[in-house]
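Trainee: What follows is the residue order along each chain.
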Amino acid sequence: MYEIVDKIEEVPNIYRLVIREPYIAEKAKPGQFVIIMPDEVGERVPLSIADVGKDTFTVFVVELGISTAKIAALKKGDKIYSVAGPLGMPATIEKYGTVVLGGGCYGIGVLYPIAKALKAAGNKVITIIEARSSYLLYFKEELKKVSDEFYVTTSDGSEGTNGHVQVVLDKLIKDDYHFDHAKFIGCTYMMMNCSHITSPYRIPTTVSLNTIMLDGTGMCGCCRVSVGGVTKFACVDGPEFDGHQVDWDELMKRKSAYLEEEMMSYQTGPHVCKALLDQYCGECK
Amino acid sequence: MSLVINGKKIPYQEGKTILDIARENDIYIPTLCAHERLPSFGACRLCMVKVHGSAGFMNSCTTQVKPGMVITTDSLEIKKLRRAIFELILSEHPSSCMMCSQAEHCDKFNSGIMKAGVITGCNTCPNKEMCEVRKISEDLNFKNIRFPLFYKNIPIERNDPFFDRDYNLCIHCGRCVRVCQDVEGANILVFTKRGHSTKVGTSFEKPHIETDCKFCGQCIDVCPTGALSARGQKWYEDCEQQVSTTCMLCNKGCQFQLDVKWDRIVAIRPDPEYKTLETGICVKGRFCLPVMLNNMDRLRFPRILRNFKLYPTNWDDAAMYVAEILESYPPSKIAIYLTQFLTDEAEYLFKKFADQLEITNVYTKPEDLSKITKNGIKVLYTTEGLPDLDKYKTLEKIIFQEVFPTNGFDKAEVILPAAAFTEESGTITTTRGLMHLHKVVKAPDLALEDWKIVQKITQYLDLSGFKHLEVSEIKHEMDRVKYIPEIHPVDEYYLKYRGTKIADKVPDFAILLQARQGREKPW
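As they're listed, the protein sequences go chains Z and R. The opening residue of the first sequence carries number 2 in the numbering used here; numbering runs sequentially from there. The opening residue of the second sequence carries number 214 in the numbering used here; numbering runs sequentially from there.
What the hints contain is simulated information worked out from the structure, not anything from laboratory work. If you're wondering where the values come from, they're calculated on a predicted model, not measured in any experiment. Built from N, CA and C at the ideal position, the CB exists for glycine as well. Treat the hints with care, as some may be off.
What the hints assert, rightly or not - Label-pair ranges, simulated between beta-carbon atoms: (1) S257/Z <-> D352/R: 14 to 20 angstroms; (2) D395/R <-> E262/Z: 51 to 57 angstroms; (3) E418/R <-> K77/Z: 21 to 27 angstroms; (4) K695/R <-> S257/Z: 37 to 43 angstroms; (5) E261/Z <-> Y696/R: 49 to 55 angstroms; (6) G123/Z <-> K293/R: 53 to 59 angstroms; (7) T285/R <-> H179/Z: 56 to 62 angstroms.
What the hints assert, rightly or not - Straight-line C-alpha distance at most 20 angstroms; calculated SDA-like pairs for lysine to any residue: (8) K365/R <-> S135/Z; (9) K321/R <-> S135/Z; (10) K321/R <-> V12/Z; (11) K328/R <-> G54/Z.
Unchecked claim - With the C-beta cut set under 8 angstroms, the calculated list includes, among others, these residues of chain R facing chain Z: (12) L301; (13) S304; (14) S308; (15) C310; (16) N323; (17) M327; (18) F360; (19) L362.
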């Protein structure tokens, strides 16, 4: 059991959890993730590590289903059933030159340690974040501090540019900005759009994929993605991949594989994970 | 006498509003607060029309027609006015997805609606496909708001069973308040606070479970936005099919409409076409039913006891096994227990079955079970899970035909999985008269309708008259022999379906019963 040292609702639906786990805090590098189970029958939820403290680490949770709803319902001082990590490969941090970063949703929070590390490595960091509306933007001050240039976009135009990360990105490229590297973290749709923008300009692009995951150690194969025609596991080969080579259509389809179970789980309350199905199904007792 | 709408002459009808007359004549007037079941209210102001000869504009939903009225429902001026009103409504309703330039592209690519806790746009809204605000925004081709946007940031309410409430989406149309007051007569929902902080809620903002709320769910059904939603009946986007059937959880015979997707019941609401249904359906039908019948625990395969374990088998083996048991005991030592939840056809067939086998011990009430010891019954064929079967020492074999593995399951010799009432067709006699059941979804795996199970068994017993292919054939036979089914004594507050307590399968219902223990009626 792992104690929640702090829980802050950054904006509606997005929670910052600080969890006590000294081993993860010691080993974690920017870009890695942990897998959290809210309770014994909950799904295993992969979450990017956003920050590490002395014996704690921080994750951003977006409430988007029954298991994340369970996590969102936990309070400061409550215990999490299971935490596994750090998992995956760390983000590649080098001296590229000028780096553009794009973040949305939970990615805004996760972008922070990466921006900080890139800045420390001597890069010029340009950060663009997106949200639906002004009340859904967070971490602006923190990101501003570690970025040389900082842009905000909203879908409804209530703050910053009206539009999305790719709108500003496209404008900057057309304004003769030279980017040596691009990193995008957020929803799959946003990462796909941004990769499509950088692709014609041959800007090396990495995206941090958030696939359905089970064990997170390369055993189950739930997190398969096709990158450049080769099957990769997001949990051990990723989560960072070349955005220009990811098969986005396949990824989107794989992500909607359990829509039925996801909806039905709200009917039967605390749902049964697929792996535990045999124990719970009336026929297999 | 007549009046003129948009240059068209229309007969005058006394007591009707402009909106009523316009709708009857297929003239479209956008509105968000008017509802056919509710009294006029005039909250949204979208239905403004020009009545010639009077100053300004008039609400078509609250203005009664007068002979000779000349009305324009659509002009540039009215369009501008409606647009401004709608912009004001939307400026306080999470509307970012409606104004997003890539909304269509996003819908095409994203994997369904995000099941968010707090709704921050159409893509996180369970009501997306049914939303009336969204429909009007499409009608008005709405892409921009001139006013500053405001998010109310009201904490969402999830502490009640069955309900999720996010009043940040509320447009104050008052439909839920009116349905609660004027249709259901419950007076639970009211406008709390006034002016800009007006909010819908219960008196003193108590949780619904602490009020007299009946959890009928009518407020959810009339809400034009996603502010009110049923926790277990959302996120399925569009349903594949809508089927109407009769509720069998009590003898009232309410009709309801079920949304079906992935061959499962995903939502239930009172049948909109069923006019005798003045109020809504009760909490059992509206909220408990899908949770219960979609449960993983359902009996799915026939089973036979071998080596002290119930092994799954096929129908032929199970039916033959039952036939062997029934043949190896004298009919006087066999009893059949008929549950109150059988269709008329199944009940008739069971009685005919008992008749032909000369089984006279046909029980229908729990009290009848006391006769087991007295008559020295050795075989009990039960269609309902019965408690304390241990105490009847004479019982040697139990044939268990049920929907769930409930009381008596572990003492059974044979398990026969039955279909629930949403999985079969037929008729039932209720206090509303003869009502029809329609098959909504397929029964899980090998589970079969009760009448089909009886027919399976009779195949191995050399009985005649059990070769029906359709349930309607049994109905014809019942009519021919003038069999009159009875109304089962199961009232609205009966808390079981067959042998299973509803609360055992529906955690939220257990919470409701627990919280209202001291009351005469739980809802």
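Trainee: Honestly, do D395/R and E262/Z meet the 51 to 57 angstroms range at C-beta?
Mentor: At 40 angstroms between Cβs, range violated.
Trainee: What's the verdict on K321/R and V12/Z, does the C-alpha distance respect the 20 angstroms limit or exceed it?
Mentor: violated (27 angstroms)
Trainee: Are S257/Z and D352/R spaced within 14 to 20 angstroms by their CB atoms?
Mentor: violated (30 angstroms)
Trainee: Given L362/R was flagged as interface, is its beta-carbon under 8 angstroms from a beta-carbon of chain Z?
Mentor: holds (5 angstroms)
Trainee: Take the shortest C-beta to C-beta distance between S304/R and chain Z; is it under 8 angstroms?
Mentor: With Cβ-Cβ at 10 angstroms, over 8 angstroms, it is violated.
Trainee: Can you verify the interface hint for L301/R: is its Cβ closer than 8 angstroms to any Cβ in chain Z?
Mentor: Where the cut-off is 8 angstroms and the nearest Cβ of chain Z is about 15 angstroms from L301/R, the hint is violated.
Trainee: Does C310/R meet its interface restraint, that is, does its C-beta lie within less than 8 angstroms of any C-beta in chain Z?
Mentor: With Cβ-Cβ at 7 angstroms, under 8 angstroms, it holds.
Trainee: Taking 20 angstroms as the top limit, are the C-alpha atoms of K321/R and S135/Z close enough?
Mentor: The given pair, whose Cα atoms are some 25 angstroms apart, is violated under the 20 angstroms limit.
Trainee: Does the Cβ distance between T285/R and H179/Z fall inside 56 to 62 angstroms?
Mentor: holds (60 angstroms)
Trainee: Starting from the range 53 to 59 angstroms, see whether the pair G123/Z and K293/R falls in it by beta-carbon distance.
Mentor: holds (57 angstroms)
Trainee: Between K328/R and G54/Z, does the CA-CA distance stay at or below 20 angstroms?
Mentor: violated (31 angstroms)
Trainee: Honestly, do K695/R and S257/Z meet the 37 to 43 angstroms range at C-beta?
Mentor: violated (56 angstroms)
Hints 1, 2, 4, 5, 9, 10, 11, 12, 13, 18, counting from the list given before, are not met by this structure.
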